[in-house]
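Single-letter residue listing:
There are 2 protein chains.
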Amino acid sequence: MIKIKILGTSASIPTKNRNLPSIFLMYKGERLLFDCGEGTQKELMINNLRFMKINKIFITHWHADHFSGMLGLIQTMSLEGRKNPLYVFGPKNTSKFLNQLLGVGYFNRTFDIIVKELEDSSAIKEKDYTITAFEVKHNRIPALGYAFQENKRLKADMKKAEKFGLKTGPLIGKLKNGETIIFGSKTIKPKDIIESITGRKIVYTGDTQYSENTIKYSKNADILIHDSTFASHKENMDEIGHSTASDAAIVARKATVKKLVLTHISRRYQKEKEHEDPKKLEDEARQIFKNSVLAEDGMEFILK
Amino acid sequence: MIKIKILGTSASIPTKNRNLPSIFLMYKGERLLFDCGEGTQKELMINNLRFMKINKIFITHWHADHFSGMLGLIQTMSLEGRKNPLYVFGPKNTSKFLNQLLGVGYFNRTFDIIVKELEDSSAIKEKDYTITAFEVKHNRIPALGYAFQENKRLKADMKKAEKFGLKTGPLIGKLKNGETIIFGSKTIKPKDIIESITGRKIVYTGDTQYSENTIKYSKNADILIHDSTFASHKENMDEIGHSTASDAAIVARKATVKKLVLTHISRRYQKEKEHEDPKKLEDEARQIFKNSVLAEDGMEFILK
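First to last, the protein sequences are chains X and B. Residue numbers for the first sequence follow numbering that gives the first Met the number 0, beginning at 0 and rising by one. Residue numbers for the second sequence follow numbering that gives the first Met the number 0, beginning at 0 and rising by one.
Calculated from the structure, these hints are not laboratory results.
Part of the chain B face toward chain X, derived, beta carbon under 10 Å:
#: 1; residue: P13
#: 2; residue: N18
#: 3; residue: G36
#: 4; residue: E37
#: 5; residue: L72
#: 6; residue: E79
#: 7; residue: V103
#: 8; residue: F106
Where chain X lies over chain B, by a calculated footprint (3+ residues, C-beta under 8 Å):
#: 9; region: 40-47
#: 10; region: 63-69
#: 11; region: 92-100
Where a beta carbon is used, it is the ideal one built from N, C-alpha and C, also for glycine.
Take these sequences, add in the hints, and give me the full structure.
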């Protein structure tokens, strides 16, 4: 199971209802955080997400709304006596900026932080998944998106197994391990029953204007969480460095993803009367890519 | 009128219901902030406090829970196009730490920040009030409390005025300006009607263990907002650098303040079942100083 919890969905400035960017991902007991805007530690607490167990943080870029919760979270982990190292990944200058941030004020850290700076196509390979960084286009500063790709998994085709009279159990396990088994009078090879299926894929862009590279790295993702700061309008998005809901939807369509989640919402869009209705972002995206949803703080996605 | 809004009341680590320390004070249209923990900008928005008009921030000390909202607030002010300078006051090293904090990441500031480092008895004198810094005792780091003292005000004793047949109006204004007036057949001097009354006083300690200096600077305050991290227990408060509710109440009694507000509450005290009841802090203080109240986020005090 992969659990994704969207902790913050606002662009640059928080609103009464939207915190600054952060996305929590849990997979096989491991807890990852993508971006860590101001207020993230409180959102982790409110959502009972056991923040002490987070072991990797991925920063998309060094604009304050994406990192300003780091100092508080790391200080809290120290006050709680954390000993396990924390891995922090980010673009060029992550090491310099993080050291500078953690040097402000009086503060005793109780654990090691291991920083790794990434660039386009850098891959963090773990036993069951790979996270690949990819360059996005945002105000000419170093900025990355991240693609979480679960490894291929071996799965028994139980319809085929039943033809041999086999049921779930240790023999299926042997087949998954690549062993040929003898069952009654039959010799069964792994390829007779076991198939390799594609792992699940989740992509988060951080902040970006429309980018071909995002399409490349989002190919066939189960979920694409994309910058969607504005509805379409006349301003020059190149200068702004963000995407419209349409931009995000075009990326989703070209990358043939399964679901698009629109996030990093400008405070221009709020439910209060004096603002524009945020629903228009979702409506706009759905004209181009049907399975689009507007992110809200606390929204959860489970991939079983 | 003086309006005080308590924005954050938690110690070191936020909880589901308590943000990190920050206190907003409004007086004659001027807006001041004391401490600026993570999440302060969102609390300012939630409480409709027009954060763009804040012109002075007072930091008590450089522990992250007291300053970690500064970067976000200053960035937001810039994104909103602020031009007016912002004054930041704090203890020794405030200039170094603030510069370091504001240098993290990519960030264009649109206004000047004027930093002034204070020490015990440093006074910021304004037309209608003075804010005096005073040394507190907290983990051997530079740490200040702040006393806001309204200047003495001239007030007409309207009972005396009526004896002369005078009513509210421009003649009272003249008396306040020190002029002697002739009213009918009577000569009225300012001292016949005008009296000077003591201004209102609000004191905030930031983090401190029990301190005689706090008593000295809190003398006769209308409101004393005091560190009250724990209920009384056997730990050595000297080492911890914080006050118990009893410590705070003894200070309040000795300083003969009018009201004590207990803040900087340990996460040990929460309303959820698995925690200790925060009410015990208030109960403990009231045994010693009756007019004690436990601070909650969003609590407001108006001095008319």
